[in-house]
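Visitor: Read off the chains here:
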Amino acid sequence: MVIQTKGTARNTICIFGKKLFIFIASVLILSTAVFYISRLAPGDPLVSYYGDRAEKMSPEQREWAEEKLGLNETIAVQYARWLENALHGDFGISYKYKTPVVSVIGERVGNTLLLGGIGFLLIFCLALLLGIMCACREGRLFDSVVCKIGTISSCIPEFWFSLLLILLFSVNLKWLPGSGAYTAGQSGGWEDRARHLILPLTVVVLGHLWYYAYMIRNSILAEMRADYVLLAKAKGLTKRRVLYRHCLRNVMPSYLSIMAVSVPHILGGTYIIETVFSYPGLGTLTYESARYHDYNLLMLLCLLTGMVVILCNLVAQALGERGMNIR
Amino acid sequence: MENKFEIVGIRPLPQGEQEWQKKRRRSRNIQKSSVGAFLILAVIALGCLLCDWFVTRDPGYLDLQNCSMPPNRDFLFGTDTLGRDIFAMIWYGGRISLLIGMAATIISTFLAVVFGALSGCAPAWLDAVMMRLAEILLSMPALPAAILLQAVLGEANALSISFVLGITGWMSIAKVVRSEVRRIRECEYVIASRSMGGGFFHVLWKHLTPNFVSSIMFMVVMNVRSAIVAESTLSFMGIGLPVETVTWGSMLSLSEDAMLANAWWIIQIPGAFLVVTLLCFTNLGNCLRRRMNRGQSNL
Amino acid sequence: MRVTTERAGRRMKVFTERHGHNMSEILEVKNLSVSFDTPQGGIQAVRNVSFTLHSGETLAVVGESGCGKSALCKAVMKLLPASARLESGSIRVCGMDITGCGEREMHKLRGKLFSMVFQDPMTSLNPAMSVGAQIAEAVKVHEPKITRRALHDRVAELMRLVEIDRAEERMNLYPHHFSGGMRQRCVMAAALAGRPAVLFADEPTTALDVTIQAQILRLFRNIQRDLGMATVFVTHDLSVAAEAADRVAVMYAGKIVEIGTVEEIFHDPRHPYTWGLLQALPDFARGRDALYAIPGMPPTLLNLPKGDAFACRNPYALAIDYEEEPPLFCISDTHYAATWLLDERAPRITPPIVLNSDSSAAEAVKRGKEAGACMAGAADEAVLLDVQHLTHVFSINRRTVCKAVDDVSFQIKKGEIFGLIGESGSGKSTVARCIMNLYRPNGGIAPAEERQLHGETMPEKSKPRNAARILYKGIDTCDPVQFRKHKKMLRSTRQIIFQDSGSSLNQRMKVWDIITEPLRIQHVVPPRGSLRAEAQFQMHYVGLDEAYLNRYPSELSGGQRQRVAIARALSMEPELLVADEPVASLDVSIQAQIVNLFRHLQQEHGFSFLFIAHDLAMVKFLCDRVGVMYQGKLVEVGEAEKLFTDPQHPYTKALLSAMPKAGNRLAGPVRIQR
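Quick note, the sequences are listed as chains A, B and C, same order. Just so we're aligned, residue 1 is where the first sequence starts under our numbering, counting upward by one. Just so we're aligned, residue 1001 is where the second sequence starts under our numbering, counting upward by one. Just so we're aligned, residue 2001 is where the third sequence starts under our numbering, counting upward by one.
Read the hints as simulated data drawn from the structure, not as lab findings. Hints are not guaranteed to be accurate.
Sample of chain A residues facing chain B (criterion: CB under 7 Å; computed from the structure) [as the list claims (entries may be wrong)]:
1) P157
2) G268
3) L319
Just so you have them, the derived chain C footprint on chain B, three or more residues with Cβ under 8 Å [said to hold, decoys possible]:
4) 1100-1110
5) 1123-1130
Where is the CB? At the ideal position from N, CA and C, for every residue including glycine.
With the hints as extra help, turn the sequences into a complete structure.
Guide: Take a look at the structure:
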């Protein structure tokens, strides 16, 4: 027995190491791709640094400026230099904000995590709850109403839904603020933050909830059609017990793995909502950096997003493998 | 009474179900809601196609005297903050919105079929790599990725935006194509066909294509839907088509000004058209999926 | 014979017991009707069924698929899906009326009063839970306050009851660690946990191999004897029913058409459907050149015809059968049958059942015929297919390989029917696919390895000694060069037929398209003018109506689909036909139709035929020579008659003794009476 556990421990380390290697390799590939694509794209990065002055520059001035920003060399050299600096923790400065990229992102990342994190947790729990409730009442009024609402809400673009909410609650009724993360001038009050969060959070949650609830419902129903449920009932188990001990238990691994994959999706959804609500998070930042060719900022944002994507994928894969092993 | 107990043996029974009854049953199986969805969609599509005939105003004309007019007899749906007629913009804008949806779907379906079929026919290790790639791309948040690509491509036009949406939306179809190809390849009728000497192209044309086309049809229709959503989102954010190019999304990009003027019609009318169109697509897609599922469970 | 008397004695005991206490009547079902709501309309799955069950008794419910057997059991246990409705009737268990019980009351009764074992042991256990936990769960429902220790002991006890050794160890294993037979034992342990008074077994042995089936049947008998419970045993196989049951109920189209003790049903059947079923048993076909097949197909329960549902397949149908449903006539205390033939006004009919009592004469006839066939066949004794040292290895992953076929050699002569039998996973299908060049035989001893084995390089030996070779008409089809050279001939003269699984025909092609596919692939000019005419001809040939020409496979029944597959294979006029379990998924009566068709076509065309099956009786009936496969090896080959009467290999012996024989119970004279 002891030997066996040792073996599995070594196995775990082995698997973990492999995953880590895959992770680092993927991040490297990703950073190269993003670097090349962003430099090859049309657009003048000097504009983002110097604003309108860039257009009036003499050729000598341009050359000097490019040299200063390290833009005059080949892309490969630029990449190598960027990589070297990045390994030392220096990701360069933002052309637009003229401060280190890390600090620009650092200011905003909390806001996105707050919105995305709470949204994700809410979606996770509510979807499970709704899915189970629908599966229990398959074909009845509650189920069909939830499914109908889900279908309809999946057809409403998030940005338009946000607009409607703003129009209704902040323009007409004036109950809730329609933009920003806090009222200008007074940052810090929890109550204020919460009030600003309500509308964006509603959109995030309602936009994704139905899809996952529907998925949970369908996979529970598929389990309920399996033969072992009949045996469990023939043994004398109650319906509730069969549902929780058997069906839900079997559905959970795949649900967890799907939820892991969808972390980036939900975060990606918040990016758009952030721009509609002018919520100072990573979404607005990405949008701006893409528009103004703020390379260093864009690089780090892409890398962060990509890392989340790859990490979530690895987690999901691990979860899925565990589920498969049990079967 | 006596002849009732005579052996008559096997007699053909009157056919339990006549052919026309069967047909009627089949037609009843097609749901009313999907017929309704199809009709609405047809009206919208025809309206967009033939708008030159019945729309009198120029959608691009800035009528600065009549900015932000609420719906009235002159302007059926009102005017936007730049004084353009929303009624005209709806139809001309729908044209481009639908066009982009279709074009993006064609591009992504083409990519998906090629990628999926290659992956399905590839040896196991290559298949694993390709599917891994598709999965990672799939879990990328689609809209930010599209924003990034569009920003990189520069000033958008209908073609470039279709291209961007096409190459960000093919992964899920590719996965289905691949698993269908794998499944069908293992099917006994394909094995039988191969043992009779059916070549690769015979199997591809006679067996693979008809079978996976039906199973991806639903996803293709859903893809049109998500392409339209994505286009409108991009245009709304100002990264997609410029304001001068009228689409349902770019009409909504004026919403900030509209909000200040509290002009609900600028936001709600194009949005309503958008949502109704999307609903119709969803309904058609669901109908296709149900039909496909029924076909399989009939076995 | 001995078994029969023993059983009769037991039944006498039961009988006296029954009259001793009235309580022995455990289950009483009266006029039960159940219908399902489907989008196409209501399906009457169970119609007006009544029966009683006494303690310690086994009732076998026999019928073809879709006749409402399972629905009946599930209706009693109230396990039917929500679309089902109990229309009328009453159910009493142990003197308690449970007809009106809701889910709340039922889950208290299930497990304790009655329990159920299902058909497919692969799906009826939760894959994500250890078997011990699943059995423990069933115990705990009924004894919620049981201690851990006691629970553990009880689970081990239950597992020992169903004859699982090393129960303590195996408790913590998951279902995927077990084979099908072991899983079925686990299912039984879970079902027996609440000490039920009635056990429903819904085709518990259908998904299992013959030898395992025999073990499970024996286990059922033992447990029933030990626990003294009543069993309802649902099966489609009459010979299994004869082995397992005391009484038999024959169901057709949702109705019990005949019910009686085993002796009554097998020796004195009264309903034409029972006659048909009995005749369709290959045991009865001894000395004939065709199996009896009930004509037609079982009806869908969707819109049943007026009158007796069986009339349209009944050669003895009376005029009244087409107008009025027959009531259940009483023949004796225990024997009832629903047919107008039992009405006093009906003409007297001699049951058409020939038993093996006078089989010696028939046997002689057959021998003579066979001798004649051999004489005729002597002219082309030529070997058509010669399989030598065939080995095929599947690699599961990089390290483990699985030898599916291991050094198999046999020959098929021209015009011969060669049967290949063996359990699932014994490599039969792999052999078929290797012969058809779908797999390349990859095993044997690879040259390099052999060199290593011999320690020396052997350049003079170009081919290893044991190289797999499949010679078809003298052409080595394993050799790519030769194969390519004769590709067209090989592909048009060898054809394969698969088990009907719904995937053997392309769902999106019409029937005539499917039948003429090989012609189009090989660019053969259709001999009968157009492709359509060719399809028409072939359909006529395999007994399909022309009206099906433009249908899709999903509109056909299983038997019809298999006919289409046969027509497709025959359209190339093959010289070798390989059939991989062609009848395994069909109903008994349809199986007989298809096997008859094979025999008929083989006589007409004279092709060689490789018939792969796990059903010994069919092989015995159809084949000239038989090979037995066991774990990838061909353990015995021989003439069919000889192999079945005098098996040499221990596995063949085990296989033959495991075969359920209705004949055993049927020995003795048949009373032909009215």
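Visitor: Enumerate the violated hints, using their earlier numbering and listing them in ascending order.
Guide: 3, 4, 5
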